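*Asks:* Can you build the whole structure from these sequences, using the hints too?
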Amino acid sequence: MIINHPILGPRDAAEFVCLGDACMIDRPDWEAEDAMQQFHEYGYLRDNPAGQHQELWYHEQGDRSWLVLTRNTLTHEITKVEMARDVARSRGRDK
Amino acid sequence: MPEFTLTAEPPLMGLNETFGDMVLRAPADMAIVSIALPLGGEEAALKAIKAAYGVAMPEVGQMATSKGGETLMRMSMDQGFVVFTHPTPDANAIVNAKLKGKAYTTDQTDVWCALELSGATSRDALERICPLDLHDAGFAVGEAKRTMMEHLGTIIARTDTDTWLLMSGSSSAGSFLHAIETSIKNVS
Amino acid sequence: MSQSNRINGGLIDRSQTWDFTFNGKKMQGHPGDTLASALIANGQKLVGRSFKYHRPRGIFTAGSEEPNALVQLRAGAHQEPNTRATVAELFDGLTATSQNHRGPLEYDFMAVTDFLSPFLSAGFYYKTFMWPKAFWEKIYEPIIRSSAGLGSLSMKEDPDSYDKGFLHCDLLVIGAGPSGLSAALTAARSGARVILADEDFRPGGRLNSETLEVDGMSGSDWAAHTVAELSAMDNVRLMTRTTVYGAYDHGTYGALEKCTDHLASSGGKPRQILWRIYSKRAVLAAGATERPIAFGNNDRPGVMMASAVRTYVNRFGATPGQQVAVFTNNDDGWRTAKDLADKGVEVNAVIDTRNQPPVIEIPGARYHRDAKVRDTIGRKGIKAITLADDQVIPVDCLAVSGGWNPNVHLTCHQRGRPEWRDDINAFVPGGVLPVGMTVAGAANGQLSLASALQEGHDQAAAQLKDIGIKVAKAKLPQAEDEARESVAFWHVKESDKRAWVDLQNDVTVKDVKLANHEGFRSVELLKRYTTMGMATDQGKTSNISGLAILAEEAGKTIPEVGTTIFRPPYTPVPMGALGGRARGKDFRPYRLTPSHKWAEANGGSFVTVGNWMRAEWYTRGNEKGWRDSVDREVQMTRNSVGICDVTTLGKIDVQGKDAAAFLNKVYANGFAKLDVGKVRYGIMLREDGICYDDGTTARMSENHYVMTTTTANAVLVFRRMEFARQCLWPNMDVHLISTTDGWAQFAVAGPNARNLLRKVVDDEHDMSNEAFPFMACGEVTICGGMPARLFRISFSGELAYEIAVPARYGNSMMSVLNEAGAEFDACPYGTEALGVMRIEKGHAAGNELNGQTTAHNLGMGRMVSQKKECIGNVLSQRPELVRDDAIKLMGFKPVNPETKLIAGSHFINKGAEANMDNDQGWMTSVAYSPILGHSIGLGFIKSGDTRKGEIVRAVSPLHGTEMEVEICSAHFIDPEGERLRA
Amino acid sequence: MARDATETRDFGGSVKMRYSAFKIFMQGLTGNKSWKPVWREPDPKPEYDIIIIGAGGHGLSTAYYLAKEFGMRNIAVLEKGWLGSGNIGRNTTIIRSNYLLPGNQPFYEMSMKLWENLEQDTNYNSMVSQRSILNLIHTDGQRDAFVRRGNAMFLSGADAELVDAKQLRDELPFLNFDDARFPIKGGLFQRRGGTARHDAVAWGYARGADSRGVDIIQNCEVTGFDIQGGVCRGVETSRGPIRARKVAMCVAGSSGRVAALAGMRLPIESHVLQAFVSEGLKPTLPGVITFGAGHFYVSQSDKGGLVFGGDIDGYNTYAQRGNLPVVEDVAEGGMAIMPMIGRARLLRSWGGVMDMSMDGTPFIDKTHIEGLYFNGGWCYGGFKATPASGYCYAHLLAKDEPHPNAAQMRLDRFMTGNLIDEKGQGNQPNLH
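Protein chains in written order, with my numbering: chain A, 2 to 96; chain B, 21 to 208; chain C, 13 to 994; chain D, 367 to 798.
In case anyone wonders, no lab produced these hints; they're calculated from the structure. If you're wondering where the values come from, they're calculated on a predicted model, not measured in any experiment. Watch out, some of these pointers could steer you wrong.
From the structure, some residues in chain A lie toward chain D, with a derived Cβ separation under 10 Å [said to hold, decoys possible]:
hint, residue
1, 15
2, 29
3, 31
4, 50
5, 56
6, 71
7, 72
8, 91
From chain A, some residues computed to sit far from chain B (all C-beta separations above 12 Å) [stated by the list, open to error]:
hint, residue
9, 19
10, 38
11, 51
12, 64
13, 81
Glycine included, C-beta positions come from ideal geometry on N, C-alpha and C.
*Replies:* Here it is in structure tokens:
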């Protein structure tokens, strides 16, 4: 596969490490009353769609950036590649 | 007088080999210091870099060379390297002083080992291990990229039409040299 | 009778004659020959035996689709099984032997299976060999195994080397036949970066085998001219002997280049190169493969594809027979008859299944219209054929043409599903093709030369336009459209003898019918039940016929039955090539510690730890075994001082205004309030609450921390910290950079550690316990101004420091430390002594931090803060993970001090039966403690913390041993930690 | 399990034929003309006691054991393609019971015992071949872990054997003992491990289930569930609705897709595992060899092909194909550990979609929807589990309580923390 890195351009996916569903950005509030339940869902349950999938890849043999790919799990077509940091911020993550 | 003296033994020290039209050598006294741009302090840091080196920090994947011969290499959005010739182990202090604390620096001199490969057929040799497009269309002079060659993380920079600077982890310098030499021998 | 079947013409170099042997028989050939063409020229008909029935077989095709002519090439360690003689280039001195027979090729003992064939129908083995039960593995299976298989490996290491490479292009053209050359020419003249790859050593494809003309020249001349033009262009890479074997995602293709297979010796160069080609666009111009017709005994040596006969005659100047008949269902077959007749070879019959006038007048040949070949005669080589009307015609070669199948293989490697075209009675590329691929020429069903040339140009032009390259105007190569009419005709129903569909795997029409009858009605089930298409040719000549017969049998149309799809590789790829250079010692890089040279010179013995090589001990003069060295190193260290290279621990520079807050999130224990100049031990959890790494982090200055990780997890910790930094808390000002290779780090441990270091560290640094206590850190200078980092941390439990210098000074530093330590009788120690000392001290390492254990299990449950946000703390509190009776890390000592403990033993309570239900835990690490004088162990045992003093059994049925051990504290020495604070 | 011997009556009316050497001989003499279809091709009935979704190995074995061991007959197995078209038809055929953890090992040992009697039980030669399986040891730490595992195997009634490098060299001289990057220090054998002919396993179970009245309905895709008030009452299919008292999902590889039809999110991701076969060769390898440090395992089929594989590709996918980096990674492992295979050629590669679970261990459990059951999450270890999975799932379906050997394979274990993580990789499916 070729991942079109938003800054570096097309690179062989072999340079990257795949983590999985981008829902892992949405880490629950540890102080919530049902934190255990929320962390269980966060840590273990996946949509696992047959189709569009937002997922995290790490450019380990490159610029060390985490990326969010929108990739089709049936065709492998990649329609979007974003810097995960930007995605995380846009989803309201802070510090 | 101290009782003991330490001697430097960089892993590829003094290497200089010729294979047909190709020359493979290890640059001497190459100091490398990483510069990280503080979050929220990027502009100040870039300004400090420009002030210190007379050239701006280049775009990611590019190199820029100062009048003093230092090369700035931007490896990612918030991090770059300054590469310069300097024999003693105080490179970090020098860069730090130049940047006046506007960026975070880390000495990377000993993290890497470096090889310079030059010659008209050097690209044919590198084609055997480097997954990147090494032709002009994909790799211009002045670009620097990080990738993987023979299971080794490697930075490859095109410093001239037929000259490539290759950097990889210093602990695996022997395997790195072996990989490059094998590529050269396989095409010559 | 050398080269008895050699005739005039052909693209071979008769000025040179090469010797080769087949089964020891000396033969001759010429440059330009394949092994197959040379065998044909020498009149060798019988070349091998089939897979199941051991039937005599001859050369069937002239290309990579060959099912029969598989030979073992070369000898000794170079022996290469299953090589298709049809693609093996001849070289001077070549040796080949036939395979899959017992006794000589002519008298194969295993041919008895042929006479038993009524009992060996499709899937027979699923119905028998079950009684008596023990016989399957002892008797039946070994017999099946030794008679199955084809060629043999030498069982010696492959003596050749292989290489890999990476190429990039705008347009990849696969196949250098007429459409491929046309496509490449269009793209090249337009200035695109073009790669043109062809499996043959001579580009041109069918142009080299036919007598057709292009632009007024012979086809082969036109190909040669075109190749010359392309070769001269900088933007073209012409790759002959290169098979594009697989189409992978996003325009990536795998290709195999054979570099030295056509030479007697590789001369030290890579035998083959496995290329990974990254293309923006690709044109598949892989041509088409002629298919056979099934009839009785259609597998005899001398029965050949009609196009192959043409190839041998036209390209190689070798005729497969002296008296040839042609059996065809289409116009193309007639060209074989014509070309043979033109070369003066006797053609005595043309048999066409169609009822129509002759396509071409063939002098001397009798035309049988609306006729079929029912059977053949001649066990080791065809002697005659019998027609459906019982006429017998003597022949020594039968050329068969059943029409052409486009080579759609690469279009199927992703989601493509071929579609049936009634007008040409063949499958053409269909469904969703690999991204960026289009198909041209015969591969796309354009079976005539003129249309192939045209489509090659058109597809290339369309592809270029798509990627924004302007197409240069040029004159198209011109050729005539030859006659190509055909009908669908798959097998001769009048045949009562076995009619082969898959020649190599011995699948007959009857087998297909039986499979259908027994319910194996999907094409995939048919394939699996009969093994049709699963031979080394991947069914290139059999699949379509097989499914056509299945369709007929099931009363369905071919599109209704569908087709099996093709998977990579297009043709088989040697394992050596796929492995490339990564074998032997080059399998993975070596990482050496900075003091490696010193260790080599000082008795160091090395062990692999991940990719690192570490000294495991340093042998001194009279030591006989490793235990001598290790015991001594432990004693010398504990008694005075020892030195160990610990560079392999991961080191991460953490900087930024939010570094402290960040570390507080990635470590389970508190890191928010660590003073500058102090080090803290920390444990890291995964999000699932399991403890996965530990280490120390030193605060060097306000915003600068130096973290260490375990050797094994350095990469993983860095990756996960980057994840936390970029994805979880993206607005923290924190920066990470690895410095593992940058600093040579040495543990200096033992009562005299301070005394030793005082000699090395420059005087201005106060080394006293008060100024630099346990868990202190700082930047110092040594040996007169050399910058270094000093940490007062201890893994051994002794008064200990770790001192780090820039890595290039590491080898020298090891030497200096040992010299400085000489007066204290200092010694270097390796990983074994390190391991003994950490077990004595009760420190967890890889065997305990195995990714399955919690801080609770490790006795560090209280370190996991519940008062802050950090990774893993929430899920670490799940009920099953914090049970009171959970396993706990404890020490174990043998009740009988003479007993040697075994890591991996399981604990069973006294009196209980040793089974899974009674399993109490296991011994993780053991060592002989030279200090205590007996074996000691660490291990996890249920409720261990409340069971100190209890005796349990450590059982190892694997070793047949069982011993009593006492549960004790994991801290075998200095439990109060007085030594390390001294 | 002895009941089987006489039970050859087809519930559709025809008499099933028993296979034997004599039968083959007689058929051979008469032109192989009167072999009976191996299974019927029934139309779906409007209602069944149990519907099993998926005629793969596990679905067919579940049906077989339900019929044979639990006396249930009114069962349909629905298959969207052809029977055996899932991962039973695309795997590397290894059988073994060399697990470590108490939640796993007794289950796999149960499976091994069922394998050992499978052919006699089903009257179908699935070519179970206990040729042995070997895990190579390269470091002391690895040896400690393998000793722990070998002992766990013994404690659950399985076999294991620890050998040193010298013993290995005597037995497998072609391994790379002298020039290895990671020197071979020994190995852990399970001599009872080995291989079986994967397709034949499916066919044997299908034939056995069919002859006991189970309807195996091919080309019948489940498109929805009939769930009313939290109770599952049947399924919608491409061939119309079918009612059932119990519906059993058994679609590893597609679990995510099918469960989504019932509105369930699972602790599973779908990944592709590539596998490879070489050209046929005369006997080369005696048993299964696993080079864990190099991501390579290999055996040789009865037909002569070297069957081998390695790691999953590592990205989520439902496509039955992989990419080059893993192909090369696997081959590198092979060449590193047995460089004598350099001149053998890779003939065919394929990809199977794996249910990668969050701790690497499968599920055989009820769901939160009454009447709906789940079997999945087999990662790449489903083939060897086929008999026990079917047996334990049948037990659950028939008795509504888990079989003791599968009692820990629950869907709620991530909530309770009763993890069964053999590899110690945590909640990241692509690392298991």
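*Asks:* Each of the hints needs a verdict: does it hold here or not?
*Replies:* Against the structure, the hints:
no.: 1; hint: 15; in the structure: 4 Å, holds
no.: 2; hint: 29; in the structure: 14 Å, violated
no.: 3; hint: 31; in the structure: 17 Å, violated
no.: 4; hint: 50; in the structure: 7 Å, holds
no.: 5; hint: 56; in the structure: 6 Å, holds
no.: 6; hint: 71; in the structure: 12 Å, violated
no.: 7; hint: 72; in the structure: 8 Å, holds
no.: 8; hint: 91; in the structure: 22 Å, violated
no.: 9; hint: 19; in the structure: 15 Å, holds
no.: 10; hint: 38; in the structure: 33 Å, holds
no.: 11; hint: 51; in the structure: 30 Å, holds
no.: 12; hint: 64; in the structure: 4 Å, violated
no.: 13; hint: 81; in the structure: 18 Å, holds
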